[in-house]
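> Using the hints provided, position chain R relative to the given structure of chain L.
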Amino acid sequence: MSDGSAAHSLGGLPAAFLRTGSSSFVDLAAAVAPDVLPTSRSTGSGGSSVSLADLTPHATTIVAATFPGGVVMAGDRRATMSNMIAQRDIEKVFPADEFSLVGIAGAAGLAVEMVGLFQVELEHYEKIEGAPLSLVGKANRLATMIRGNLPLAMQGLAVVPLFAGWDEAAAMGRIFSYDATGGRYEEHSFFSVGSGSIFARGALKKLYAPDLAVSDTVMAVLQALYDAADDDSATGGPDMARRIFPVIMIAGPDGVQRVGDDQIGAMVDRLVAARRIRPDGPEASVV
Amino acid sequence: MSSPFYVAPEQQMKDRADFARKGIGRGRSVVVLHYADGIVFVAENRSQALHKVGEIYDRIGFAAVGRYNEFDTLRQAGIRYADLRGYSYDRTDVTARGLANAYAQLLGGIFSSGGEKPYEVEIIVAELGAAAPDDQIYRLTYDGSIGDEEHFAVMGGSTEAIAEVVRAGYADALDLAAAVQLAVRALGSDGGPGTPVRELGAEALEVAVLDRTRALPRKFRRVAGPRLAAVLGADAAPVAAGAVPGPPSASTTSAAAPEVALSDPPGPSPTPGA
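Each protein sequence line maps, in turn, to chains L and R.
Residues 250 to 536 (our numbering) are what the first sequence spells out, left to right.
Residues 25 to 298 (our numbering) are what the second sequence spells out, left to right.
One chain only, chain L, in its complex shape (with noise of 0.2 Å):
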């Protein structure tokens, strides 16, 4: 009854379904439908005069920190296409699972699928298995995923994801960063990636203590993201004329939550109305 072309594996239930095997998406549909895969792109034998990453628009920063209740993570909304603005509101903060959080930085139409994918091969692993991942095992899937893109990282595509959520046994958050060939790195405090995190690491080394409120960390991001933005072309700040503000979500033990619009629209007018006083930002004390 199964063909095993990808087209009928999608309408009924072929024999692949039915045997005991992983509880991976990825690996059941590399298997089924391996076209329907981010990675299934074929990238040609080369020669060509475009570069691949010159095709699609690029994402940029995104901020990630601890506070004694989980951990907050923050991305600007912008995507460029080497001088231009593709798009001044792109989403680059995802909700994982009911637990984690997945920024992303790097080619925005392949990391867009890979979080979609990334989003399924979680619930798909719970589902099956009656049990969710743990945050580890979650960042070890990741970075396998991102290790399968490797050939096309090597011809311009790279995806450079921040991993973080809230870790029930260990009860607090973390954070993740990874590089374009899947290596996994665990981060202590705070990180950002993308083409402004250079500045956004900065500015939260002298913004962040541990101990802060979650408000005050919050206010922390925006300030490393606007910071980001005041030095790195391919980074937006806040939009103040169309209320287009970063997107922020919290993991945390009541799993993860977005804030409001409303409420980050009032901590960017405070922010920027501190920033005409101080354009640089807020002065730490020089010992």
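Hint data in this document are derived by calculation from the structure and do not stem from the laboratory.
Hints may be right or wrong, so weigh each one.
Label-pair ranges, simulated between beta-carbon atoms [to be verified]:
no., chain 1, residue 1, chain 2, residue 2, range
1, L, Ala419, R, His175, 43 to 49 Å
2, R, Thr116, L, Gly386, 26 to 32 Å
3, R, Arg191, L, Gln336, 42 to 48 Å
4, L, Glu378, R, Gly218, 42 to 48 Å
5, L, Gly432, R, Glu283, 32 to 38 Å
6, L, Ser289, R, Arg251, 41 to 47 Å
7, R, Gly257, L, Ser534, 55 to 61 Å
8, L, Met489, R, Pro282, 39 to 45 Å
These stretches of chain L come out as covered by chain R in the derived footprint (C-beta under 8 Å, 3 or more residues) [stated by the list, open to error]:
no., segment
9, 272 to 278
10, 368 to 379
11, 385 to 395
12, 459 to 472
Values in this document were obtained by computation on a predicted structure and should not be read as measured data.
Backbone N, C-alpha and C fix where the C-beta goes; we use that ideal spot for every residue, glycine too.
The following block gives chain R in isolation, referenced to the frame of chain L:
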């Protein structure tokens, strides 16, 4: 070439049906019914680990009776079908009708093929619609026949006696506690009208709901532990079933996260020299 004994096709089908029915009849039953906020699954199941009820997709639940390894294979196949379809097209393109059809094809094929023994299972696929009238309950039997059930469905052993009790007590828009208590009373009445109703406690039950009021896109939720005890112990008074309703999210990459109100007021904005 040796010729096997001739068995008339009618007889062959009847033998296979008897075989499957006998296997199913041995197991404890499952009741699925509509309630005010969605669909509730109630199974008599003393195991906390081996589930008879499971989640397939955002708005689709699964319940089964019969041989565990067979219906668990079907459950996993259903999850694979739904996730692959939802990923390839869109989350809204996964429907219980499509899944029930796929199950029917599979079960019917196995039942009538001479090579395999028929599956000793009966399954229910239920889907939450946008509004209560759109809710669907499909019941599938071992031979691939499929029924679109109204109000409620019962499967397993002694279905007649159980269905009788549910039919007598069923009303539209029962609250969760009333619906679960009705199902539990029905499951305990499997001895027939003459026999006393068996008492079923929380430890002998597996209960789950597809809850329309749940804010997350995934509407399936197990009711267990203290929450189940509260539902069983509640008077007919309405039970608060879940959180505030939220708009259903369709897209794969925008799984809706509920909005948070930052509890502590944000500190004063930093000013130079402050």
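> It remains to establish, for every hint, whether it holds in the given structure.
Hint check results:
| no. | hint | verdict |
| --- | --- | --- |
| 1 | Ala419(L) - His175(R): 43 to 49 Å | holds, 47 Å |
| 2 | Thr116(R) - Gly386(L): 26 to 32 Å | holds, 29 Å |
| 3 | Arg191(R) - Gln336(L): 42 to 48 Å | violated, 56 Å |
| 4 | Glu378(L) - Gly218(R): 42 to 48 Å | holds, 44 Å |
| 5 | Gly432(L) - Glu283(R): 32 to 38 Å | holds, 34 Å |
| 6 | Ser289(L) - Arg251(R): 41 to 47 Å | holds, 43 Å |
| 7 | Gly257(R) - Ser534(L): 55 to 61 Å | holds, 59 Å |
| 8 | Met489(L) - Pro282(R): 39 to 45 Å | violated, 27 Å |
| 9 | 272 to 278 | holds (count 3) |
| 10 | 368 to 379 | holds (count 7) |
| 11 | 385 to 395 | violated (count 0) |
| 12 | 459 to 472 | holds (count 6) |
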